[in-house]
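Engineer: Protein sequences appear in the order of chains E and Y. With our numbering, the residue at position 742 of the first sequence is 742, and numbering never jumps. To convert, count from 1 in the second sequence and add 1000; that's our numbering.
Hints were generated in silico from the structure; no laboratory data involved. Errors might be hidden in some of the hints.
[Unchecked claim] No more than 20 Å apart at the CA atoms, straight line, and that leaves these computed lysine-lysine pairs for PhoX-like:
1) K211(E) x K147(E)
2) K780(E) x K458(E)
3) K1150(Y) x K715(E)
4) K652(E) x K435(E)
5) K714(E) x K459(E)
6) K1150(Y) x K714(E)
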Amino acid sequence: MAGKYVHQSILRLEDPELITARVQFLDDIKLPDMLHAAFKRSDYAHARIKSIDVSEARKLPGVIGVYTAEDFGDYVKPGPLQVPPPTAIKGATYVARTTMPIAKDKVRYAGEPVAIVIAESRYIAEDACDLIYVDYEPLEAVVDLEKALQPGSPLVHEDLPSNEAGHVRQERGSWEQAVKEADLVIKRKFFINRNAGAALENRGIIVQWDKHAKQMTIWCGTQSVIALRNQTAARLGLFESQVRVITPNMGGGFGPKINTSLPDDALITYLAMKLERPIKWVEDRRENFLATTSERDQVHYCEIAVKRDGTIVGLKDFFYHNSGAYNPYMMTVPLNSQSHTVTNYRVPNFLTEFYMVFTNQMIVTPVRGAGRQYGVFVMERMLDAAARELGMSPVEIRRKNLLPANAYPYYTNIIGQDFVEGVLDSGDYPSAFEKTLELIEYDRFVNEVQPKLRAQGKKVGIGVACFSEGTGVGPYEGARVTVGGNGKVVASTGYTSQGQAHYTTFAQIVADQLGVDVKDVKIITGDTGYFGWGAGTFASRGITVAGTATYMAAQKVRQKALKLASKILEAPEEELELADGVVRVADIPSKFIALGDLANLANPMRGTMEPGTEPGLEAVAYYGPPYGATGAGCMAIILEVDPETMQVSMEKMAMVHDCGTPVNPMVVDGQIHGGIQMGIGDAFYEELIYDENGQLLTASFMDYLFPQATDMPKKLVLGHMETPSPLNPLGIKGVGEAGAIPVPSAFAQAVENALQDTGVEFDRDTLSPSRIFTYVQMAKGA
Amino acid sequence: MAQTVKINVTVNGEQVEREVEPRLLLSDFIRHDLGLTGTHVGCEHGLCGACTILMDGEAVRSCTIFAVQADGHELQTVESLGTPDNLHPIQQAFIEKHALQCGFCTPGFLMTLVDYLGDNPNPTEEEIREAIDGNFCRCTGYFNIIEAVKLAAEKMASH
Ligand code: FES
Ligand code: FES
Chain E
1 MAGKYVHQSI LRLEDPELIT ARVQFLDDIK LPDMLHAAFK RSDYAHARIK
51 SIDVSEARKL PGVIGVYTAE DFGDYVKPGP LQVPPPTAIK GATYVARTTM
101 PIAKDKVRYA GEPVAIVIAE SRYIAEDACD LIYVDYEPLE AVVDLEKALQ
151 PGSPLVHEDL PSNEAGHVRQ ERGSWEQAVK EADLVIKRKF FINRNAGAAL
201 ENRGIIVQWD KHAKQMTIWC GTQSVIALRN QTAARLGLFE SQVRVITPNM
251 GGGFGPKINT SLPDDALITY LAMKLERPIK WVEDRRENFL ATTSERDQVH
301 YCEIAVKRDG TIVGLKDFFY HNSGAYNPYM MTVPLNSQSH TVTNYRVPNF
351 LTEFYMVFTN QMIVTPVRGA GRQYGVFVME RMLDAAAREL GMSPVEIRRK
401 NLLPANAYPY YTNIIGQDFV EGVLDSGDYP SAFEKTLELI EYDRFVNEVQ
451 PKLRAQGKKV GIGVACFSEG TGVGPYEGAR VTVGGNGKVV ASTGYTSQGQ
501 AHYTTFAQIV ADQLGVDVKD VKIITGDTGY FGWGAGTFAS RGITVAGTAT
551 YMAAQKVRQK ALKLASKILE APEEELELAD GVVRVADIPS KFIALGDLAN
601 LANPMRGTME PGTEPGLEAV AYYGPPYGAT GAGCMAIILE VDPETMQVSM
651 EKMAMVHDCG TPVNPMVVDG QIHGGIQMGI GDAFYEELIY DENGQLLTAS
701 FMDYLFPQAT DMPKKLVLGH METPSPLNPL GIKGVGEAGA IPVPSAFAQA
751 VENALQDTGV EFDRDTLSPS RIFTYVQMAK GA
Chain Y
1001 MAQTVKINVT VNGEQVEREV EPRLLLSDFI RHDLGLTGTH VGCEHGLCGA
1051 CTILMDGEAV RSCTIFAVQA DGHELQTVES LGTPDNLHPI QQAFIEKHAL
1101 QCGFCTPGFL MTLVDYLGDN PNPTEEEIRE AIDGNFCRCT GYFNIIEAVK
1151 LAAEKMASH
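The whole structure should be built from the sequences, with the hints applied where relevant.
Structural biologist: Printed below as a string of structure tokens:
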């Protein structure tokens, strides 16, 4: 659905201020009398705390206080669950061991806070941390997912019988039947590595308690202001209205910033109240690697049942999922893996089962992709394995099994992270696939280019993978749209923004409804002082859910404006139009009233008000979809591997995606570009590596390799499809994670193809040059 | 109070004199002592490039330099470039090509490029990639930044 602004690539309204440093990021905020916090973090992944000596630290000049669990008394208890347990899934079991604000008696991951220092400066606070002496009794660390569940394993939580954190089994059709029908059952095992969100801006928080007004203000780079406000209020015994959470400009989110009731917000809110001075804490990069949540290692045991002609009759996937030391985010990530395994293909019988495992590693919560890419990875790898065994091409086997274009809505029988059965609302997967092959010139490459280059000794390969992205899930978001007496419009939502252009795209939606210049629409996100309801920024749901709520609120305002103007202009509503900032009679443009004047008239100061009317050109609306809108697409990569160094260079990447109506196509492309960077990191370089003692070996950008400009494909071609979602009036589906999802699958296939002569086959998603080298040596039997 | 040292620096054309601790990072000095918060800090170990500024016209990482080392030098931060109504051509190009999303990395890119394009007004695409290879961006995948640099080079040539 296109409008004057919707579906147009207008330049971002936020940019002129943002690019000239006239905005405020969290660490830019300086309050009078502000104190600074630093955490003393555990050096051990698993240890009993015998004693903590803070006496020297307390004596350091400039130190205001040093606090351990003991000093917080009863306040130190496990935080609330961040997402509810999956009671909708039959037979699902779980235990909840949620985040401790500060370690008491025992530490469960390296980097867990054991003390917090408040000082006059950050430098002093860090000095004081060095003067805290902790006596630990080291315990054996739980690191390996599979060993963690064996009897006799050390326990992360000793009050539990095992390290099992949860279990889910879902089946559609019958796997047993599939095995009977199949000509061939192929088995594989896959390892999925752990990655960081690595937003360029680290996490941080500033808390101010006004003891006179009894009002707390929190500035925080959070993806969920509502969760932070509500949990803070509950913990401190305040009303929600006594806590205002404001997100300043944020330097990226990508998932980890959704978490609340972490040590920082739990302790600093308390201390700011106690000390009656504002406190700031900004994470450094090492802390971000160590102690900000990251995502997913998984181990998959997978079987695919196929006919000789390549038809899939069934898939079975059994996997272990690493929850880390605590599981406040419950099952979102493994459920995403589970619900994204077979979405693109016809798989009549599907059995999927996982165990969540506690380990002595950082807590796992979503990072862009949020487990989806591993469902996709497993499926795509299994198709590659089947193609290999059946002597088919990767293209042939996919073409044969893709869900047809007339399959939607398609009920998957698998319950996902939103606790409802997955429904693919709309799409056309075969067209996305064929279009991708065209863009990458698949046939020409395979038949002409590749043979020539191979003859020259070049190791060039091609890979193609399909993906889907469940987006825009519930429960709901809301928005308030108000026309001011100045004739401009302000729209506020509880949703938060980390760079996704909401200040432009939401304004485009409002401007079309109210006939104003898009520059006259101001969008406020992530400030509970303006809008106090909503769930948060996750699952690519901004434009789909909050955008739709904004659309609906703007429509209500439009109705109000028409009704009132009709009276004033003495013309029927049907003859009126909203354009150029006025309401006018469409045929007699000289007969109009400016929106600002109308807004003033909508708020009468004397006289009477008609019963049933509400003041102001203002309206609030909420939108909650019955289930998410599923975006999808396909990616292909052509790459070259240097046979000496195993360095991979991506020559060309093509991606076709379908996110329904793109409100701003330029912004959509930008989202995909960013996703691709993370996908490349995942496929190639980025890996949080823990050793057998649970020590993180990659806690800096020296060791955790972040994809740079020279790592990107030399050429990128994007193809667009627009199958509107029937779930919302604008037909939108989310796109925030799309780019990240297919890269590891397409990459692994392409590298295998490049190294075809070695017979190498990859069973993991992160293929650094040294890994590729090892695999090739193994394939050679070396 | 820790011992302090007096330093004299020129920042965006203005002379400033301050007492600083010898261990104070230049990035912290710029951000917190001078209040020039456009310079961002993403890693504080010299890898991400977010803190890039110009020191005597050369792009440097302000997180790997102590404020005392800047004594007697001339510094330029992102605040010295354009204003919303009068953007620097590189800023204008970044906006036109959607080369920023969260904008956190952007000041570092801009300062790197002011230096680079000054010396190399007509770079090839490969050279552009090399030039910005030391600046991390998590949002844009660099694709549009590369396009923006090409456009900026054009704009600057016609200036
Ligand atoms: S903050 Fe200086 S290079 Fe990252
Ligand atoms: S725009 Fe967000 S890190 Fe570059």
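Engineer: Where does the structure disagree with the numbered hints, that is, which hint numbers, in rising order?
Structural biologist: 1
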